[in-house]
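Dock chain one against chain two, each of which comes alone in its own frame, and use the hints as you go.
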Amino acid sequence: MKHLLHHLDKAFENKIRLGIMSALMVNDMLDFNALKDLLGVTDGNLASHLKALEKVDYISVKKQFIARKPNTQYAATPQGMKAFHEHLNALERLIKESNQQS
Amino acid sequence: MQKTDYIKELSEIRSMMERSSRFISLSGLSGVMAGLYALLGALVAYQILGEYHSGPIKDQTTTIRYLLIDASLVFLLAFGTGILLTTRRAHQQGLKVWDATARRLLINLLFPLGAGGLFLLILLFHGYVSILAPGMLIFYGLSLINASKYTLTDIRYLGIAEIILGLVAAIVMSKGLLWWTLGFGVLHIAYGTIMYYKYER
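For the protein sequence lines, the chains are A and B, in the order given.
Just so you know, we're using the working numbering here: the first sequence kicks off at 1 and counts up by one.
Just so you know, we're using the working numbering here: the second sequence kicks off at 1 and counts up by one.
Isolated chain B, as found in the complex (with noise of 0.2 angstroms):
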């Protein structure tokens, strides 16, 4: 054998223990249409928050079933199209999407973002309004460092900023949605389009 071949089998064992413990298909350009639809639902939500102020809903409860909803279909967009682009990104690299680590990512990451969210849906059912977006923030990002174990680790660093931005929200206590709007729109497209030239070019 030549020096080479050793070299090469080094790398080779370096790529299984990489492929079989992390899940490497997280597409870039997903990132980028999360913050897109964030984007997006935070225009909406300030629409609907302006109206509470000076338009036609009048009561608190309605305001916040709006946003509720606009939330709910802006996360489900992202992790819809998230799915989508990382599958066709599996496929690109001929490996399959839904195994072992998948799972693993995946139970990793909503685990700590599912009580998060819960518990901020009940403090919110209290009537903590202003906790919720330095919240979600905060939440996020120890998701995504907690993620960070199983797939590219470079979302550590994603993990880190909400977290950040989240606290200084805390530390605000106002203008929330604007926080809201940097973490999980601008965040997202910066992080979404590091990924994409990373690895995707």
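Okay, chain A solo, but in the shape it has when bound (with noise of 0.2 angstroms):
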């Protein structure tokens, strides 16, 4: 069972950070304060989440303005969806063993 855990992406090891990537997985877009509501957390958390995954490139970072307002929009790029995917496999094989060996 070991050698499938080190195909868990380190970057989905928060919650948070899992959340912001399945939120977006699903939405082409979301914007910063959408983001905040859906997880319930503060703005600095929320923030250094984010920075953490624009860092390992799994999601892209769109500024602009909304009426004078800015307005920062993130979503997934393909390299964070790919790694997405991968995560979900490797949660489903962990799973499947631990059926097999139970």
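There's no promise every hint is true.
Selected chain A positions facing chain B (in silico; Cβ < 8 angstroms) [stated by the list, open to error]: (1) Ser22; (2) Ala23; (3) Met25; (4) Asn27; (5) Ala34; (6) Leu91; (7) Leu94.
These are computed hints drawn from the structure, not numbers from a lab.
C-beta atoms are modelled at their ideal positions from N, C-alpha and C, and glycine is treated no differently.
What follows is the structure in structure tokens.
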């Protein structure tokens, strides 16, 4: 079972980061406030997790102005989507294996 | 990590995907209330039509004006109650009512509904009265199917039922009020009751 564990993506170990990625998989784009409402976290907390995902190129960031207010849109990149799918597959296999063991 | 942890993680991912892309607080009771308003509205419409045939109202324009007021009242009451009950339900679930998913749902519902409504109004002014009931049912059904991508998928079936009823009404081309009552009254109450027991109990 150990050999499967390294397929789990380190970037998704954190619940908030996993939540951000899950939401961005089914939405073309979400802005900062939408993510904040969805996850129920503070600005600073969310910003640091977004930064982490941006750093590994799993999400892309687009800054713009809506009615003169700054608005930041986030989207999943192709790499991010691939990593997310692999993470899901790894989870599935881990569950399957532990089913066989028991 | 244990197997249960992985399963929990998967279900959290699933719930986040649902919550972020669909508006899930739609209240079943608002469907029931919409149905009741429609039944009441149909009763009033029946009276208006009765007076047109044998009572004091003699000309068609006045009749149609009364019917339009009646229909608008039903729509406003149903919509208002729907918003009220849905807001209450969202609070119970600890969710925000007016978020991106709510906006998307409303836009995708109101665009086809608005286009259909205007189209039917135009036809009405050209004198096509009998197309009204089947037309309303079909456009409403199409709007629901369009909106079902952004909320509980169950309203898709309500949409399909409305369209079938609308097509049957178009074939028969008479007893429009009866078909309208079935579609907007009975179907709404049935759908709302099913939704209430499925999600809110």
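Verification of the supplied hints:
1. Ser22: Where the cut-off is 8 angstroms and the nearest Cβ of chain B is about 4 angstroms from serine 22 of chain A, the hint holds.
2. Ala23: With a closest approach of 4 angstroms, the alanine 23 of chain A hint holds.
3. Met25: It holds, given that the least Cβ distance between methionine 25 of chain A and chain B is near 6 angstroms, below 8 angstroms.
4. Asn27: It holds, given that the least Cβ distance between asparagine 27 of chain A and chain B is near 6 angstroms, below 8 angstroms.
5. Ala34: 5 angstroms, holds
6. Leu91: 5 angstroms, holds
7. Leu94: Holds. Min distance 5 angstroms.
When held up to the earlier numbered hints, the structure conflicts with none and fits them all.
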